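Assemble the complex: chain F is given as a structure, and chain R must be docked to it using the hints.
2 protein chains.
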Amino acid sequence: MRRTNLSKLIVALLAVVMCMACADVPSGENYSFKDGMIVFDEPARVAGQESMLGFAAEPIPNVRVGFIGLGMRGPGAVNRFTHIEGVEIKGLCDLEQSNVSKCQAMLERASKPKAEEYVGEEAYKELCERDDVDLIYIATDWIHHVPIALYAMEHGKHVAIEVPAATSVEECWQLVDTSERTRRHCMMLENCVYDFFELTCLNMAQQGVFGEILHAEGAYIHNLEPYWDSYHSNWRLDFNQKHRGDVYATHGFGPVCQALNIHRGNRLTYLVCMDTKSVNGLELAKERMGVQEFANADHTTTLVKTELGQTIEIQHNVYTPRPYNRLYQLTGTKGFANKYPIQGFTFTEGMLKEGVLPEGARLNPHGFASDEIEAAALAAYKHPIHQEIEEKAKQVGGHGGMDFVMDYRLIYCLQNGLPLDQDVYDAAEWSCIGELSATSAKHNSMPVAVPDFTRGEWNKLQGLKFHTK
Amino acid sequence: MRRTNLSKLIVALLAVVMCMACADVPSGENYSFKDGMIVFDEPARVAGQESMLGFAAEPIPNVRVGFIGLGMRGPGAVNRFTHIEGVEIKGLCDLEQSNVSKCQAMLERASKPKAEEYVGEEAYKELCERDDVDLIYIATDWIHHVPIALYAMEHGKHVAIEVPAATSVEECWQLVDTSERTRRHCMMLENCVYDFFELTCLNMAQQGVFGEILHAEGAYIHNLEPYWDSYHSNWRLDFNQKHRGDVYATHGFGPVCQALNIHRGNRLTYLVCMDTKSVNGLELAKERMGVQEFANADHTTTLVKTELGQTIEIQHNVYTPRPYNRLYQLTGTKGFANKYPIQGFTFTEGMLKEGVLPEGARLNPHGFASDEIEAAALAAYKHPIHQEIEEKAKQVGGHGGMDFVMDYRLIYCLQNGLPLDQDVYDAAEWSCIGELSATSAKHNSMPVAVPDFTRGEWNKLQGLKFHTK
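If you read the sequences in order, they're chains F and R.
Residues in the first sequence are numbered consecutively from 0, following numbering that gives the first Met the number 0.
Residues in the second sequence are numbered consecutively from 0, following numbering that gives the first Met the number 0.
Which copy is meant is left open, because identical chains are indistinguishable; a pair holds if it fits in one copy or across any two.
Pairs of lysine-lysine, DSS-like flavour, derived with a Cα cap of 30 Å:
id, residue 1, residue 2
1, 111, 391
2, 352, 285
3, 276, 459
4, 352, 276
5, 89, 391
6, 89, 101
7, 381, 459
8, 276, 464
9, 276, 33
10, 468, 352
11, 393, 113
Simulated from the structure, these hints should not be mistaken for laboratory data.
Nothing here was measured: the structure is a model prediction, and the numbers come from that model.
In isolation and in its complexed conformation, chain F is listed as follows (with noise of 0.2 Å):
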């Protein structure tokens, strides 16, 4: 045998056992397969760039607010924000004059001052560029979210995000990287964590009522049937028909994620996503954009995995008639709490605080506490921030007043150079969701790891922290 062949037999049978070996291998633009898992490339931190972990600015005792995106959420922040005191709005953004008058009107009413007014596509740029505004509140469509962010950060505003507050890996990581660089807030307007039962149920968590919480549930099921019709050049649906996955998790995800410490002592490692095929959703498209082809499922469940051993499942189904369903479920050794279809507890013994169980009454590890139980243990174990807000917020509402729990502690924190609720790596955490299910989904559920955003410092804080001055 020649040399020359010889050569041919070796490039021959390396071709065939590497192409043995990679045919049923993933890969993609962005990730590739390691250790039987999808990973996502992660940036290195560049110079320049600090952890935002614990990040507090100076204080700003009077916050000079702009407001982009006036269609839909928009218009109610406006609203809530003439109910908070040490607040300036300066300026009004959207792509409709229509909606920028009805939130100036709006002001007036308030007898608040006139708000500058910029309408158009490129127009929120002028309004990040003002020099006396601290805060820019972001409320447009999904996609801008992100571009409009990183302006204002560069031009040195912190920014409040709607959800989900990106919509890929790579977003998640240039507004992380730009909140690095600059040292601007970024923070996703996330209301569901401030829900009164999710705030109580965090503050039962984190005094252990539960013991250790090892499994928690959360979802988006919301049958937007009626709701199509309210989204600018129908573009929620526009995005649903381009985007497999859980595109919206963060309602279901966000609060649970903050029962579990994750980014302070806890982390996410790995997710797996299986959904069906779309029916509803495909029937939408045909009727409403004149397609034949939908990406994202009528029903998506994702499985995600943490450091500390527990499971988190979320779901997402904005198609079929169901109830409204965030399931919000904590299950842990000692304790169990469940708010939807129905609100209920399943407590032990020797797990909730001396005095709070009414006389006489008995626990049931097997069912959901009493009534009179439940009720005590609500009113016992209700969050410092109800205690300090629930009546106004119920008053001025956003439903039924978590939207305004959330606003203020945003403008609490700022006044007073406190770190917010919620960070930079929250909003990247639970807006990554997206991508990370929809490439598990392509690959027939395979597991996919979750980008670590704090780059290898998710144990440097101990626990979740509402900090007070």
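Just chain R now, kept in the frame of chain F:
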């Protein structure tokens, strides 16, 4: 370069590439990694075996039964059989004489003829060898189900096996192959499929009330704390201590598989499983077994995909304080059914039969139907089997009657020479979840293909049918 060196080079290079390629690819004794999925070896059907799909035996007007395993589920079954016409209880077998005597006394109280008694580890063989027995009813601990079932079928007896019928994929194939070779029925005694809500929902599903079912959920969430002492020589905790995964899936899985027509025009394609660490289970094992390890997770979640693009979620948790929950949930394109923690439906226009909707009642596609509508629907879609036997079943009892419905149907079909409601492929499909989910969990939730126990004939029957003469 000499040839020998070149040859060495080839080997070396191949070794390197092989190693590179296979480093992160899972493999085990009885499975391999194909197309990004863990695939279990599937034995070919050997000569002399024939599919049991739609199999019916000769009518047996008087069914002669032998019971094996009289510790927990057995006595209830013996009692129920004393209420069924055309049944003769020939033998009673258990490890303990006391258990046999208790059941003998039951027969006496019911003025039934005395049964032969079989006591001891090997006594079941004698009973199976009798030539005057038609059916062996197996309610032993899980690990004895298959050995006894195989022995019984080899000796010409039909078998009914408590859940789970088998504890491994290998055992599932043994049941299928032995049933196919001996032409004997092998039915798993999955009682929950006969529960009143489940069977009514199956009837609704088969009549299209929910549109196309896209997602289904089932569970076995039952805090077994008070029951661990009831298992002979601690067998259940001992089994869970050694086995990871959803070891008890069938109560949650069976009913939803029936609604999705699995192996009757549809099939299970693959699953992923994610579980928590063991805390309460490990605690039990330390106290009761003096061991420091526990394989089974406190909470285990499994997602299963079907050929028709549907998803099924199953959960297992027998360790933490929670209300009992089998979930049983159907999410369809046009409707929704939910059993736990509260029973309810979402119905939409035009899906309920003519005349079901009460005068003036309005449907809400975003919430649960009113009690009035629910009651009307439950009545209108009551399953024929329940119309026939519900009253008597509730008198006889056994989990509120569903156990009697199950036994009644088993005997009815044998007496009339009809195919059984649950065939050997159901037993295999519902039981294999244990080892498949464990294998996924051990490999960071990698997808695992579900074997096709019908060997390609899953599309031969169209739709599940409960046969009547």
